[in-house]
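J.: Spelled out from the first residue to the last, the chains are:
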Amino acid sequence: MQQARTEIAAAVEPIIDRWKGEEGPLLPILNGIQRELGHVPRESLPIIAEALNLTRAEVYGVVSFYHDYREKPAGRHVLKLCRAEACQSMGGDAVAEKLQKLLGIRFHETSADGAVTLEPVYCLGLCACAPSAMLDGEVIGRLDEARVEEIAAEVRA
Amino acid sequence: MTINIYIPRDAGALALGAEKVAAAAREEIEKRGLDAKIVRNGSRGMFWLEPMVEVQTAEGRVAYGPVKPGDVAGLFDAGLIEGGAHDLALGRPEKIPFLAKQTRLTFARCGIIDPVSLEDYEAHGGLRGLRNALEKTPLGIVEEVTESGLRGRGGAGFPTGIKWKTVHDTDDPQKYIVCNADEGDSGTFSDRMIMEGDPFVLIEGMVIAGIATGATRGYVYLRSEYPNVHRILNEAIDAARAAGMLGKSVLGSEYAFDMEVRVGAGAYVCGEETALLDSLEGKRGQVRAKPPLPAHEGLFGKPTVINNVISLASVPIILDKGGAITAISAWAVRAAPFRSRSPAM
Ligand SMILES: Cc1cc2nc3c(=O)[nH]c(=O)nc-3n(C[C@H](O)[C@H](O)[C@H](O)COP(=O)(O)O)c2cc1C
Ligand code: FES
Numbered sequence: 196m197q198q199a200r201t202e203i204a205a206a207v208e209p210i211i212d213r214w215k216g217e218e219g220p221l222l223p224i225l226n227g228i229q230r231e232l233g234h235v236p237r238e239s240l241p242i243i244a245e246a247l248n249l250t251r252a253e254v255y256g257v258v259s260f261y262h263d264y265r266e267k268p269a270g271r272h273v274l275k276l277c278r279a280e281a282c283q284s285m286g287g288d289a290v291a292e293k294l295q296k297l298l299g300i301r302f303h304e305t306s307a308d309g310a311v312t313l314e315p316v317y318c319l320g321l322c323a324c325a326p327s328a329m330l331d332g333e334v335i336g337r338l339d340e341a342r343v344e345e346i347a348a349e350v351r352a
Numbered sequence: 489m490t491i492n493i494y495i496p497r498d499a500g501a502l503a504l505g506a507e508k509v510a511a512a513a514r515e516e517i518e519k520r521g522l523d524a525k526i527v528r529n530g531s532r533g534m535f536w537l538e539p540m541v542e543v544q545t546a547e548g549r550v551a552y553g554p555v556k557p558g559d560v561a562g563l564f565d566a567g568l569i570e571g572g573a574h575d576l577a578l579g580r581p582e583k584i585p586f587l588a589k590q591t592r593l594t595f596a597r598c599g600i601i602d603p604v605s606l607e608d609y610e611a612h613g614g615l616r617g618l619r620n621a622l623e624k625t626p627l628g629i630v631e632e633v634t635e636s637g638l639r640g641r642g643g644a645g646f647p648t649g650i651k652w653k654t655v656h657d658t659d660d661p662q663k664y665i666v667c668n669a670d671e672g673d674s675g676t677f678s679d680r681m682i683m684e685g686d687p688f689v690l691i692e693g694m695v696i697a698g699i700a701t702g703a704t705r706g707y708v709y710l711r712s713e714y715p716n717v718h719r720i721l722n723e724a725i726d727a728a729r730a731a732g733m734l735g736k737s738v739l740g741s742e743y744a745f746d747m748e749v750r751v752g753a754g755a756y757v758c759g760e761e762t763a764l765l766d767s768l769e770g771k772r773g774q775v776r777a778k779p780p781l782p783a784h785e786g787l788f789g790k791p792t793v794i795n796n797v798i799s800l801a802s803v804p805i806i807l808d809k810g811g812a813i814t815a816i817s818a819w820a821v822r823a824a825p826f827r828s829r830s831p832a833m
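Protein chains in written order, with my numbering: chain A, 196 to 352; chain B, 489 to 833.
In case anyone wonders, no lab produced these hints; they're calculated from the structure. Just so we're clear, the structure is a prediction, and the values are computed from it rather than from any experiment. Ideal Cβ placement from N, Cα and C applies to all residues, glycine included. A portion of the hints provided could be inaccurate.
Computed beta-carbon distance windows for the label pairs [as the list claims (entries may be wrong)]:
id, chain 1, residue 1, chain 2, residue 2, range
1, A, A289, B, E623, 53 to 61 Å
2, A, R251, B, P780, 25 to 33 Å
3, B, G740, A, R251, 43 to 51 Å
4, A, P315, B, P557, 26 to 34 Å
So that you can see chain A by itself, here it is in the shape it has in the complex (with noise of 0.2 Å):
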């Protein structure tokens, strides 16, 4: 825990530094943060709280408003599936379905495996190339099954 620990505040610590003199800078370090380690752990909170003045329960409370932010690592691929309405008329309720049996997951969650984690998001802005997707932040546009059954090998690999 306190090796975990250490490696974290080693990790945080230069993303601190760097946003630490800027304008707003908690949004950036979440940023970073969930860039660097795929989440923003929870032994990471009072470091940021204490390097920007603010309390444990004010930056909690930032973290947990925004969608974004994982508590928990993902697994390798993080695979996004646009469920907004532009998708979901394309057909964009199968490929979630198709999906998720092929995964062996629900949206949220991450294979057993730590293959991939699935999660849904609102307009990739690619709605003229509905249903979309986004994989490792690639985009990928028209999913039909085929596709769907492409992508899932393809994490699975």
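We have chain A already, so just place chain B with the ligands on it with the hints.
T.: Frame of chain A; chain B with the ligands shown alone:
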């Protein structure tokens, strides 16, 4: 002369395989020893034709699409770099009915230029608005925007000039320009397209807003669902700063203005302007009670202009057309761009 081959880097085109098409094209250019280079443009908005590849010929651009990675070698065999005939050939892109019927103002360069080349931007009419603005007084700029009839494109349609005037009239050494790039509603992606296809037009609009209102610092609050925008916008901001379009002395003038992108963290409500300001300040995004207006007490309690992406991106053309207010009103009636809530110009 090196021939330009345009392959979009717009997220819509990327979602349809543009990256693999570009890689295949790069390989063909090398293999065939051609004097050609790939430019990663934005999209012209015809997503049924994306990835749409264009090539610069003596007669103008020639388009091909939708191009799959497997089509690329065949396109080069067919003489793509001279605009050769092929099943996927679309002819001159401007003649495609979807485009032929449009007069584009704010989107005039989107899909045409290299989005992160300030040189290309300037060669296509960029910076004219800012240069004209620098000849005017701040109040003169505000009046120009007011007279254009520009209304906010973020949904509420509030007259942009009046908002700017309120901030202009405040007396505070620190004021802010905030760009609302939260674009949360499903089905709309014009903010994304302009930021990926012509980011300098947004930067130019924000600089003009800063000069007009006395603000020296700008923030683009960008939704986290748009990482591709983030990359492109940052490249453009770096280029603008290197060229002196941003910094202590904007284009050598007495005005200072600098800006940065701040990324949200997935909260729809942060598209609402006061929740957005809270979020920029590092708080939970909660709608503030009004008054005070953001124009009086906005970001960090300072006078703040908060405008949508397209609102700000429409400013350079207004300042470019300059005194021709009547002309703008004329096309405002004809094309109804500013006075109504028409979706694009
Ligand atoms: C719930 C809610 C969500 C909003 N989302 C956005 C948005 O995503 N983008 C935007 O530009 N304006 C959005 N707005 C409008 C902004 O509050 C504000 O009117 C706008 O940023 C002002 O800029 P404009 O005058 O240039 O339109 C939203 C408003 C509400 C109430
Ligand atoms: S609704 Fe899915 S990308 Fe816009």
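J.: Would you mind marking each hint as holding or not holding in the structure?
T.: Now for the hints, and whether the structure bears them out:
1. A/A289 x B/E623: 53 to 61 Å: Taking Cβ atoms as reference, A/A289 and B/E623 lie about 58 Å apart, which means the hint holds.
2. A/R251 x B/P780: 25 to 33 Å: 30 Å, holds
3. B/G740 x A/R251: 43 to 51 Å: Holds, since B/G740 and A/R251 (Cβ atoms, about 48 Å apart) stay within the stated range.
4. A/P315 x B/P557: 26 to 34 Å: With Cβ atoms ~30 Å apart, the hint holds.
In summary, this structure violates none of the numbered hints.
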